[in-house]
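Going line by line, the protein sequences match chains C and Y. Note that this note's numbering has the first sequence beginning at 1, numbered continuously upward. Note that this note's numbering has the second sequence beginning at 444, numbered continuously upward.
It is worth saying that the hints were derived from the structure and are not from the lab. Accuracy of the hints is not assured; some may be wrong.
[To be verified] Capping the alpha-carbon separation at 25 Å, the derived lysine to aspartate or glutamate pairs in DMTMM-like fashion look like this:
(1) Lys-443/C with Glu-457/Y
(2) Lys-461/Y with Glu-440/C
(3) Lys-59/C with Glu-586/Y
(4) Lys-276/C with Glu-299/C
(5) Lys-460/Y with Asp-195/C
(6) Lys-250/C with Glu-107/C
(7) Lys-443/C with Glu-449/Y
(8) Lys-230/C with Asp-200/C
(9) Lys-123/C with Glu-149/C
(10) Lys-59/C with Asp-564/Y
(11) Lys-221/C with Glu-173/C
(12) Lys-460/Y with Glu-281/C
(13) Lys-59/C with Asp-446/Y
(14) Lys-461/Y with Asp-200/C
(15) Lys-366/C with Glu-107/C
(16) Lys-59/C with Asp-48/C
(17) Lys-524/Y with Glu-493/Y
(18) Lys-115/C with Asp-200/C
(19) Lys-501/Y with Asp-446/Y
(20) Lys-522/Y with Asp-564/Y
(21) Lys-148/C with Glu-186/C
(22) Lys-443/C with Asp-446/Y
(23) Lys-501/Y with Glu-543/Y
(24) Lys-498/Y with Glu-545/Y
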Amino acid sequence: MTEGDRLLAITRDVPPGTPRAMPGQSPAIAPAMATTLQPLDVAAIRKDFPLLSRVLHGKPVIYLDSAVSGQMPLAVIERMAKYERDEHTNVHRGVSTLSQEATDFYEAAREKVRKFIGAGSVKEIVWTRGTTEAINLVAQTYGRMHVKEGDEILLSAMEHHANIVPWQMLAEEKGATIKVVPMTDEGELILESLDELITDRTKIIGVVHVSNVLGTVNPVKEIIARAHAKGVPVLVDGAQAVPHLHVDVKDLDADFYAFSGHKLSGPTGIGVLYGKLAHLEAMPPWHGGGNMIRSVTWEKTTYVAAPGKFEAGTPPIAAAIGLGASIDYLTNLGLERIAAQEHDLLRYATERLSTLPGLRILGNAKDKASVISFVVEGIHPHDLGSLLDGEGVVVRAGHHCAQPVMARFNVPATTRASFAYFNTREDVDILVSAVIHAIELFK
Amino acid sequence: MSDPRELYQQVILEHNKKPRNFGKLEACTHHAEGHNPLCGDQLDLTLIIEDGLVKDIKFQGSGCAIDVSSASLMTGAVKGKPVAEAQAMAEQFRGMVRGELEPGTQTPLLGKLTLFSGVKDLPSRVKCAVLPWATLHAALKGEAEASTE
C-alpha cells in the first residue's frame, strides 16, 4: 500500500451516502433537510452543462470553482442566443414591435430579480455590470452625499477588494476614515465590537453576506438591526450569498444589496444593486448619458426616476435576459434542494480534506456556505493549483481578491474549492486524490 | 508538455525544499527587490560585484516552488560569472520560458537551467520563473525594484 492509498483509505472511512456532520456542528440539521426534501437529480442536471464533459490534460474537468464564476446551464445560454438571433435590438427606444418586445423581456428579467430577492418594487432593482460596479455606484452617489471629513466608514475584516477599494477612494476624497470589524481565528465576525465601532461619525457599513474566502455566512440581519438602532445604513455584498441562500432583502432590512449575475449561473457583465427606494430617490445620478434623462437642453437636464437614472447608455440586454433565465432555472431546481446538495458536499469535503497531513482549512465558522479554502504545509497554493489543474481539477489558487483576509491569516494565498449543485461526492474524491498526489510529490 | 506535473521535476522540488544561497549579503554592492503582484511572491536579492565578476549572491523571500527553485538555481549559475555573462543568461532564460528561444541550441549559457523550459506551457507561471532573473537584471542595472506586473 502506498502512502497515497493509505491516506485514501483513512479518509474514506465513512461510506458514501452517510450524512456527515461538520466539526462542531450538530449533525441533526442535515439529515432533517435531506429527508424532507427530494434530492436533486444531479446526473440529469450535469447534462445541462456542456463544459462538464470537457477533458483537460487528458482528464475530465472537475469544476470546483463556482465561487469564481458559476457555470451557465444550456437554458441560459440558449435564451441569450435566442435574443441575439431573433430578438436583438435596443430597449426603451421607439415604437417598433421589436424594441417593445426586447424591452418587455428585459424588464421581465428585472421583475424576476425583484421576486428572487424579495424586494418591494422593481424600482429598487438597478442593473449594473456586477457587484463591483454596484458598490462603486453607492460609494460615488450615496457615499459622496453623506460622508464628510472626519466621518467613518465601517467594513468587516473579511471583505474582498470590491467592498474595500471603492470606500478607500471615497475616504481619501473626503478625508474620512475606514474602520474594520475584526474576526476570530475561526473566521467569524466579532459582533461585540460593533457597539464600540459604530460611532456618531459612522455614515455607512459595508459587510459581505458570505465570505468568498472563508465561506462564512455572516449574521447580516443582526448586524443591520444593530446598525439601524444607531441610525446607520448597511450595504450588503451578496455576490457569494445569492447562489447558496434564500435572500430576502426586506426581511434583512438591507439598505443596499449587491450581487453579480455570473455567480448565479448567469452571464458576466450583468449585476444588481438593490436599494431601498427612499435611498435611490434621494441619491444623485452617477453616469450620465442616454436612457437616464427625462429631458435635455443646453441649459438644463432632468433625470428619470430610479432605477433608470442609474442606468445610462445601452445596457447589456442579453445578459439581463440571461440572468432572468438563470433565476428561472435555479428556482425550478429549488433553492432548498440546491442548499441541501451543496451542504452535503461541504460536509463531505471538509471531513475528507481535514484528515490530510499538513492541510489546514481557513474558516471554520458555524454557519458556512460551500466554499473551502485551505493551505498545505510545504506546498505553495500556486504549485498546488497547477498540480490540481494537471488532473483536470479546476480550483482557485491565489489571494481571492481579498489580500487583507490573507494577511489576517498570515498566508500569501490559499487554494479554494467551491461547490455548486452540479458537483458530486465523486468530484470531492477526485479533488482529495489530487491533493494527496501533490503532497506525495512535495514530500 | 501538456501535463503541469512534468514541470515539477526532482531538481525543482529539491531546490524548493533546500534553496541554495539563501539569505542576505550585508556588505552587498548591488541590491534589488522583486515583486510578482499577481501571486504576492517577493524576492530580495543581494550581490557583491568585484572586478566585473559576480563574487557572491544571495536571495531571500517567499514564493512558489517555481519561483524559489528558479532563484536557487540562478544564484548558483551566475556566481563567479562576469556581469555581462549573467545579463546574457537572464536574456536567454527570459526568451526560453516565453517560448521565444529553443532550449539548448538557442540558450547555450543556461546549461541545466533548461529544465525550466516547460514553464512556457503554463502561461500563468512564467512570471514565477522569471521573477529572480528580472530582479537580477534590475540589481545589475542599479535599479532598486523589479516587478513582473
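- Message: For a quick check of understanding: which of the numbered hints are violated here, in increasing order?
- Response: Numbers 3, 4, 5, 9, 11, 12, 14, 15, 18, 19, 20, 21, 23 and 24 - these are the hints that the structure violates, sorted from lowest upward.
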